[in-house]
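Hey, can you work out the whole structure from these sequences and the hints?
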Amino acid sequence: MIFYIAFLLLSLQRIISEYCPKSEEFILSLDKKCFKLYDGKIGFENISQSCNNNQGLLSGFINNSETRAVLQLLENHYKDLNATYIDRGFTCRSKKDPCLMNRDKNEGILNNITYLTDKFPCRGVMKIRDLTFFCIDMAIKTDIVYACQKNPLYIKNCTSYNGYDKYIDGNCYKLLEKIDFTKQTAEIMCKDNSGTLPIIRNDFENLAVDELLDKHKFQFWLDFSCLTKNVSSCRWSTNNKIIYKKLEKLNDDNLCGYIKNSSTWDTDHCDKKKKVICQIRNE
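Taken in order, the sequence shown gives residues -17 to -1, 1 to 266; the numbers are from mature numbering (1 follows the signal peptide of the UniProt record, and there is no 0).
Simulated from the structure, these hints should not be mistaken for laboratory data.
Take the hints with a grain of salt, since some may be wrong.
[Said to hold, decoys possible] Cross-link-like lysine to aspartate or glutamate pairs, in silico, EDC-like; alpha carbons within 20 Å at most:
(1) K224 / D249
(2) K149 / D175
(3) K5 / D148
(4) K157 / D175
(5) K24 / E58
(6) K224 / E90
(7) K228 / E49
(8) K124 / D63
(9) K257 / E160
(10) K228 / E90
(11) K88 / D249
(12) K88 / D193
(13) K243 / D87
(14) K232 / D249
(15) K62 / E49
(16) K200 / E160
(17) K78 / D101
(18) K228 / D193
(19) K161 / E194
(20) K62 / D113
(21) K79 / D101
(22) K161 / D254
(23) K228 / E194
(24) K24 / E8
(25) K161 / D148
(26) K257 / D193
(27) K229 / D249
(28) K200 / D251
(29) K62 / E8
(30) K110 / D126
(31) K212 / D235
(32) K15 / E58
(33) K229 / D193
In structure tokens form, the structure reads like this:
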């Protein structure tokens, strides 16, 4: 993974912050996500526990709009948090090995990283002033802030949709039957139930799908398909490219995506049969 951040230096602007409905410890950002920022002085374990208790994701802001939103809130609402660094949710275990995301140990960091410690593992952070990346001693508590992120609760009421339940990403999900179906049949079934097969574009949606996998204990179709062996041909049904997760080499043309195990996607021939979970997106 590489964080694209150059344009952020030019795009920060003054905003008026408001609290998230039913989550008054969190501030609603411009990208409609809820954030709560913590001073590192209270300790990582306390911060992590608080974020988990609020059903949030710690240091999960990975795209440009989310990073921009956090920095705007830091500048305009959390002015008392006068820190040099903000945690970016990755860990480095040596200078030779790739640094990995905490939320997905299979995903490495491609940004240039300056090591400010010889003690490993070390914590991946970003310098707030110029958006450069560093790795610092895990024991450091001062001069660092953490961001807990979650979707606002009010966005969608899944009880309006028969059989659907709301998950951490704010989207609605429903298991159809307990037998396997081909990808084409699965798509038709979800359409008849006002949804699509699951589309995953961010950490929260990935966590929701992992939770569904853990709950039901079986593989199920995802929304994307690949026309050729080239992974660049893989698209969601919306015709958007697969950006969130890097796919492995494909073995054949005309393959369809499915969730294989936790945070791992794979492809199979579309006439194979798998379970069907439908998604109604929060859009």
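Each hint tested on the structure:
1. K224 / D249: holds (15 Å)
2. K149 / D175: holds (19 Å)
3. K5 / D148: Holds - the C-alpha atoms of D148 and K5 are around 19 Å apart, at most 20 Å.
4. K157 / D175: Given that 20 Å is the threshold and the Cα spacing comes to 12 Å, the pair holds.
5. K24 / E58: Distance ~19 Å between K24 and E58 Cα, so the pair holds.
6. K224 / E90: Cα-Cα ~18 Å, so holds.
7. K228 / E49: Holds: K228 and E49 sit about 17 Å apart, inside 20 Å.
8. K124 / D63: Holds, at about 16 Å.
9. K257 / E160: It holds: about 11 Å lies between the C-alpha atoms, which stays within 20 Å.
10. K228 / E90: Judged against 20 Å, a Cα distance of about 8 Å means the pair holds.
11. K88 / D249: Distance of about 17 Å is within 20 Å: holds.
12. K88 / D193: Holds. K88 to D193 sits at ~14 Å (cutoff 20 Å).
13. K243 / D87: holds (15 Å)
14. K232 / D249: Cα-Cα ~10 Å, so holds.
15. K62 / E49: holds (19 Å)
16. K200 / E160: holds (14 Å)
17. K78 / D101: With a Cα-Cα distance of about 9 Å, the restraint between K78 and D101 holds, given a limit of 20 Å.
18. K228 / D193: Measuring from Cα to Cα gives roughly 14 Å; hence the hint holds.
19. K161 / E194: Roughly 17 Å separates the two Cα atoms, so the pair holds.
20. K62 / D113: holds (17 Å)
21. K79 / D101: With a Cα-Cα distance of about 12 Å, the restraint between K79 and D101 holds, given a limit of 20 Å.
22. K161 / D254: holds (18 Å)
23. K228 / E194: holds (17 Å)
24. K24 / E8: holds (18 Å)
25. K161 / D148: Holds, at roughly 17 Å.
26. K257 / D193: Answer holds: K257 to D193 is near 16 Å, not above 20 Å.
27. K229 / D249: Between K229 and D249 the Cα gap is close to 10 Å, so the pair holds against 20 Å.
28. K200 / D251: The hint holds at about 19 Å.
29. K62 / E8: With Cα atoms ~16 Å apart, K62 and E8 stay inside 20 Å; holds.
30. K110 / D126: holds (10 Å)
31. K212 / D235: holds (5 Å)
32. K15 / E58: Measuring from Cα to Cα gives roughly 17 Å; hence the hint holds.
33. K229 / D193: holds (17 Å)
In summary, the structure agrees with every hint in the numbered list given earlier.
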